[in-house]
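Visitor: Okay, here's what each chain looks like letter by letter:
Number of protein chains: 6
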Amino acid sequence: MFKHTRALQFNAKPDRPDPLMARKLQEALGGQWGEMTGMMSYLSQGWASTGDEKYKDILLDTGTEEIAHVEMISTMIAYLLEDTPIYEQEEMIKKDPSLAKVMGGTDPEHGLVHGLTAGLTNPNGAAWNTGYVTSSGNLLADMRFNVTSGNLLADMRFNVTRESQARVQVSRLYHMTRDEGVRDMLKFLLARETQHQLQFIKAQEELEERYGVVVPGNMNDIQHSEYSHVIMNFSDGEGSRAFENQIAKDGQMFTYQENPEAMGEVPKTKPASSELHNDQG
Amino acid sequence: MFKHTRALQFNAKPDRPDPLMARKLQEALGGQWGEMTGMMSYLSQGWASTGDEKYKDILLDTGTEEIAHVEMISTMIAYLLEDTPIYEQEEMIKKDPSLAKVMGGTDPEHGLVHGLTAGLTNPNGAAWNTGYVTSSGNLLADMRFNVTSGNLLADMRFNVTRESQARVQVSRLYHMTRDEGVRDMLKFLLARETQHQLQFIKAQEELEERYGVVVPGNMNDIQHSEYSHVIMNFSDGEGSRAFENQIAKDGQMFTYQENPEAMGEVPKTKPASSELHNDQG
Amino acid sequence: MFKHTRALQFNAKPDRPDPLMARKLQEALGGQWGEMTGMMSYLSQGWASTGDEKYKDILLDTGTEEIAHVEMISTMIAYLLEDTPIYEQEEMIKKDPSLAKVMGGTDPEHGLVHGLTAGLTNPNGAAWNTGYVTSSGNLLADMRFNVTSGNLLADMRFNVTRESQARVQVSRLYHMTRDEGVRDMLKFLLARETQHQLQFIKAQEELEERYGVVVPGNMNDIQHSEYSHVIMNFSDGEGSRAFENQIAKDGQMFTYQENPEAMGEVPKTKPASSELHNDQG
Amino acid sequence: MFKHTRALQFNAKPDRPDPLMARKLQEALGGQWGEMTGMMSYLSQGWASTGDEKYKDILLDTGTEEIAHVEMISTMIAYLLEDTPIYEQEEMIKKDPSLAKVMGGTDPEHGLVHGLTAGLTNPNGAAWNTGYVTSSGNLLADMRFNVTSGNLLADMRFNVTRESQARVQVSRLYHMTRDEGVRDMLKFLLARETQHQLQFIKAQEELEERYGVVVPGNMNDIQHSEYSHVIMNFSDGEGSRAFENQIAKDGQMFTYQENPEAMGEVPKTKPASSELHNDQG
Amino acid sequence: MFKHTRALQFNAKPDRPDPLMARKLQEALGGQWGEMTGMMSYLSQGWASTGDEKYKDILLDTGTEEIAHVEMISTMIAYLLEDTPIYEQEEMIKKDPSLAKVMGGTDPEHGLVHGLTAGLTNPNGAAWNTGYVTSSGNLLADMRFNVTSGNLLADMRFNVTRESQARVQVSRLYHMTRDEGVRDMLKFLLARETQHQLQFIKAQEELEERYGVVVPGNMNDIQHSEYSHVIMNFSDGEGSRAFENQIAKDGQMFTYQENPEAMGEVPKTKPASSELHNDQG
Amino acid sequence: MFKHTRALQFNAKPDRPDPLMARKLQEALGGQWGEMTGMMSYLSQGWASTGDEKYKDILLDTGTEEIAHVEMISTMIAYLLEDTPIYEQEEMIKKDPSLAKVMGGTDPEHGLVHGLTAGLTNPNGAAWNTGYVTSSGNLLADMRFNVTSGNLLADMRFNVTRESQARVQVSRLYHMTRDEGVRDMLKFLLARETQHQLQFIKAQEELEERYGVVVPGNMNDIQHSEYSHVIMNFSDGEGSRAFENQIAKDGQMFTYQENPEAMGEVPKTKPASSELHNDQG
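Respectively, the protein sequence lines represent chains A, B, C, D, E and F.
Count the first sequence with full-length UniProt numbering and you get residues 1 to 281, in order.
Count the second sequence with full-length UniProt numbering and you get residues 1 to 281, in order.
Count the third sequence with full-length UniProt numbering and you get residues 1 to 281, in order.
Count the fourth sequence with full-length UniProt numbering and you get residues 1 to 281, in order.
Count the fifth sequence with full-length UniProt numbering and you get residues 1 to 281, in order.
Count the sixth sequence with full-length UniProt numbering and you get residues 1 to 281, in order.
Calculated from the structure, these hints are not laboratory results.
All of these numbers come straight from a predicted model, not from anything done at the bench.
Please note that the accuracy of each hint is not assured.
[Said to hold, decoys possible] Covered stretches of chain C, as calculated for chain D (at least 3 residues, CB under 8 Å):
{"no.": "1", "stretch": "8-15"}
{"no.": "2", "stretch": "125-136"}
{"no.": "3", "stretch": "164-176"}
{"no.": "4", "stretch": "202-213"}
{"no.": "5", "stretch": "228-237"}
[Unchecked claim] List time: in silico BS3-like cross-link candidates among lysine-lysine, alpha-carbon distance up to 25 Å:
{"no.": "6", "chain 1": "B", "residue 1": "270", "chain 2": "A", "residue 2": "13"}
{"no.": "7", "chain 1": "F", "residue 1": "13", "chain 2": "B", "residue 2": "3"}
{"no.": "8", "chain 1": "A", "residue 1": "54", "chain 2": "C", "residue 2": "3"}
{"no.": "9", "chain 1": "D", "residue 1": "13", "chain 2": "C", "residue 2": "270"}
{"no.": "10", "chain 1": "E", "residue 1": "54", "chain 2": "E", "residue 2": "202"}
{"no.": "11", "chain 1": "C", "residue 1": "54", "chain 2": "A", "residue 2": "13"}
{"no.": "12", "chain 1": "B", "residue 1": "268", "chain 2": "A", "residue 2": "13"}
{"no.": "13", "chain 1": "F", "residue 1": "3", "chain 2": "A", "residue 2": "268"}
{"no.": "14", "chain 1": "A", "residue 1": "202", "chain 2": "B", "residue 2": "202"}
{"no.": "15", "chain 1": "F", "residue 1": "54", "chain 2": "B", "residue 2": "13"}
[Unchecked claim] Stretch-level coverage of chain E by chain F, calculated; a stretch enters the list once three of its residues show a Cβ under 8 Å from a Cβ in chain F:
{"no.": "16", "stretch": "10-19"}
{"no.": "17", "stretch": "70-82"}
{"no.": "18", "stretch": "202-215"}
{"no.": "19", "stretch": "220-227"}
{"no.": "20", "stretch": "254-266"}
Think of the CB as a built atom: it goes at the ideal place given N, C-alpha and C, for glycine as much as any other residue.
Chain A on its own, in the form it takes in the complex (with noise of 0.2 Å):
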């Protein structure tokens, strides 16, 4: 259950409006990396969650810290609109021409759908969908399979992987604007994303630490191990043979395959019988 303060996490407020601004910050909010994502990946994967109580905290209290980001970015978005002339200005573009640009580069539905609000899309004004979430479940406890350290720890590594595409996409939003009170939420985000990039990284190692780095864990008895360590050069780029002979991280060396060749066959399915259709009238 929730529980929700008005003030705001931090400081939201732009020195002035710039609705070009508020069309690009769209992507902080409902874009596929931005906040709605991490929202829902975490509080998804904390309801999921039946194992190690830290990892099911965590995710819970970052979560529910991210609903706060997805209030401010609304927030300043609303504040970047104010006064964007969504109605016919043709006298007013004579005078200031800057305006024309705002015409073209403006979001048409900032206007005509949200009234000089946010969206939940992202700047081109597609959906947030739930097929950016990851969330892969409770099976930690699954210990014949162990399937479990798998999925925690891909988990893991995918809130990593949004933390650090975020932070990029809030390192360009930053270089994108002057505005100082744009920039002190922005600072204040790149703070919260370094600290969430650290957590989830700690707990990445640990998990990696008892299971083992190939995720998941226990399968590796299963697999066709003679593939398991090859560089296949499919392509004719010198790059890759840089990483043979090389350790990996699970402590076994990478074989370099300069010609994979294909060892499967030709595949040959059959038409379909039509001896199953004979009782048709």
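Position chains B, C, D, E and F against the provided structure of chain A, taking the given hints into account.
Guide: The following block gives chains B, C, D, E and F in isolation, referenced to the frame of chain A:
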């Protein structure tokens, strides 16, 4: 440019048809973390890469291999669908009630739309889409902002995640069947996903060493660093306190904030001004 | 900003597992009218609201409650999936044919992707997306055009609809199970959806009284009013004539047009002019 | 079955081309609340209706009219796109910088994909989809559960919402242009949306009178009624207290809970049991 | 403008309910190649057409007919869903195990969302969307570039494809049932799809005769014609050599390139320049 | 299995950067009819094909070539985005107002998400998805129903359509730029699309000769043939009468029905029976 060999990279032939398993294998083909996602992410990243030849090449090698995996799984699905009764079989059902299970559980579009071959969807028939793909670009040598190291490392982390999530799902698929032909192919995929995890982890570690562990590396002086190593406790679980005073991978120590307070204001966006529109007729 | 309590708002524990019911409950979680839609619509509307504190607050209260409902239903689904056989069970099926029903009717992604926990989809596995959400903005005090009353009232009407559609579906779900644990949770949701319907109806009526029943209120002098109270009969059914001479909620009388005629021209858009392009080489 | 008249229902011809306005009008055609949504919702509801002829007929009348609105807006968009320069016009831009605005703000797919005619998308090019449509079925006479009144009333509420959201957007579109031809069509749509709001409100009120205001009407004895009239205060705003002791539309009084407590348990789903799988080889 | 007749274009009544067949028929309603796709493609093309009245009219005639087909299939699905047990029926299942098949194979949203009527989706519940529709515009008389013939012919080819794919699926549906009522409707659809294939083929042939077989007709002098009749052999199959020296429909002869070489350079995009950003603070 | 050559199939280098043209080229990459659609349709059809080696091979050859086209266009887009100013450039804009056009018209995700390289979307940022792909299966030798000829021919017709729509769009793109580097690549694509149209037309004609022109060929005795050659006039246009008495490609004559009547009943689906549910508690 690409060339195609008709023989498969590895065996992809089941011992016998099984349309329910065919449906499940669609996850490895057209699901969020399936082979289509690997193929288009690595190829896109490889084509976008302008930096170290080593990384560009391993991306293109691996992306090219993934097309072969798309081919293998498509072939396997077509074999598994052979002889599936898509037409009404009332009398046959009476003789063999297990056909009823097939009737209820088979993807109806396998027969109706794809003529008993694979579709490019997940097991629930959701179309694969490029919202699953990640490729964050060629800013590799952007020395001033060094956004660089960030985006290449962020993409490598995505790739490790892709291979981890995929290997968890392939492990689950392995346990969902006893067909030795299907298992043979899955054992090969497990091995290749081991290799791909390890090679991307290797690249990731090299990049972390060069640019720092927090992505992107050059924003640490800009961020509000007083919040960059603080575990904030937004839920009443006590588990996340376990991280307190631990050393993060960047060498600094995590602190713990039991009761994080709202530091921002209550937002007061103003209603859209009517003055703006005073030239309307 | 938000805080999370680990205890659920209300009981969400079934008497026994039932993976088919788990699948059906996905509608209440990630369907068009499910709790995700309520949560993100009310929070977005609340954050966008600049007007009467009363409405802003009830939107934020209710949006925050809906996060707890997302949590409850996610938990219930995980409980219902406990012990679901996702791996092949040929011998068990022979002993208990009802497992065949489960095999055919269960969402394969529950096991394969989510490790027997909830996904953020509907029962057919379609990803929830923000195309289901409505929030039309902060133009509340736009006195000149008074678009205002319109959009807040329009959003309240959406909210009443959301709670009505959701309560119809929860009622249907109630009759689809006899599990007293599941029913206990549904009885609570039914009650809350009563409250939410009634509170939004209350707000809606107040706004209708203030601004008029037709949304938005200030365009009535602009519209072509000769067509604003005419039932036009475009089909050969006779039922709609029953509205003739009845008094509409704005106090005017409906008229009936038996055979509405086309009043516009036959369109004659011209082909794209080739003159425009005469500087092409 | 349908017949088509080439003449439009009403005028749909602008005074002059305007490709930016063409893009904005896409909202009224292929947006979430555009005419496609009205058309397919009302037709689907009408075809599904088994009950009172009066409601079935007005749904089919209105759905049929909406096809004509889709036609009118498609025609208007094609007129507005006439003469749009989709080919490179460097020298023309030098003479008339306003072309630059057009180049930046026009939907590139209008020229490239649709040859300067309408697409079935919103202004950001998102494909219209049936996730926007609502039609909840024919259970009208299901007397035992009386789910009935619920779903028809719920659909009528959706229809009132559709017409309200659409009229807000058409009002905004009206103020975004001064073209008298465009405005003429919008004035007609405003009038029809008045009629459609009023007719669906009429139907809604009749149904509320017959079955009660809370949808569906027959679950009130089943729900946990102690929570059905309680305003729960989950945020620190004080506004929602204004509803306290007010009379809800069903005649009961709202109470106010200042600090709602979690009434459920902390969930303890168990990890997936490994015993289940002990027949794996 | 449109008018609606309540009587259906043709019979659409099954001999008995069959909810699995109802699910499969969704393909013909809301699948990629279903009637919605025909309806919206032909209407859009007809409204966009500015050229030969003959083609404009047949597009509008056929598009209007397709609305009636949407109506017929929606009706058939509702009939097929009559009496479907959507509520729990434990005791009935014990008496009739075939109900178990229905429970597993029925679309759960048919009951839960649509109250036992049709949804606008495919059998896997994927929402129909306008990404399936094609309408390429009104450049018919663009004589200078003659892009014209191209786009009208390209659309006619799409229409022939639509009717062909749809008729394949309707044929498959025909064999999936023995219900004479369902088959009666399908026999009618098969006939109409014959007519629609033949009429669009007729139009296609006339346009090919007028503008040439390669679309669009006027770019043949611009293209790099040395590559315009070469079968390039990118795979190790030998089958495509069979086209060698055959005469293409434009009268020229195909040649065969056994081993096509890469003619382009290795791409060398440069990293984003940092100089660009030297005004950042 | 596939191998990759780093050199491109053909030149893909512009004379100078142009981020607006980069955006437009996204249509040829990730639009409905772009190269991704060709690639995945032909490969899927080739893998599914069980029949004539000739057709299987040309599908795989062409599908493999299309991967190279995806590569070329991705490369071209990255070149066109070189030096695009994604960071704020207020002073530079003052010096060169044409930058304002770029700011408004560029895809913001090109810089923000993809670091100035291609995304797998259309110019409006809509994710490419497999709902654009067609592959109808391997029923080639299904002699009894001969559904066969149908689906292979239907897919060939799709392929001809794909190449036609794509060539129309590439022609439009050609006229949207004067950059000789871009045009050089487009001239090559135009030539290849000529070849692909002609080869698929050849295959289509052979299949028509073998199985008949109406797809699928073996349902003609089953359909209600009295409706299979009738032009039905559902609109008041007179154009379609021009087909009357013309000979269709199957040798039969079209007739014309001026005023087609509804032949079906008014549907009377019954409300869901309440008796079914009488075991509810």
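Visitor: Could you run down the list of hints and mark each one as holding or not?
Guide: Now for the hints, and whether the structure bears them out:
no. : hint           : in the structure
1   : 8-15           : holds (count 6)
2   : 125-136        : holds (count 6)
3   : 164-176        : holds (count 8)
4   : 202-213        : holds (count 3)
5   : 228-237        : holds (count 9)
6   : B:270 to A:13  : 12 Å, holds
7   : F:13 to B:3    : 23 Å, holds
8   : A:54 to C:3    : 18 Å, holds
9   : D:13 to C:270  : 12 Å, holds
10  : E:54 to E:202  : 12 Å, holds
11  : C:54 to A:13   : 24 Å, holds
12  : B:268 to A:13  : 9 Å, holds
13  : F:3 to A:268   : 22 Å, holds
14  : A:202 to B:202 : 18 Å, holds
15  : F:54 to B:13   : 24 Å, holds
16  : 10-19          : holds (count 4)
17  : 70-82          : holds (count 5)
18  : 202-215        : holds (count 5)
19  : 220-227        : holds (count 7)
20  : 254-266        : holds (count 7)
When held up to the earlier numbered hints, the structure conflicts with none and fits them all.
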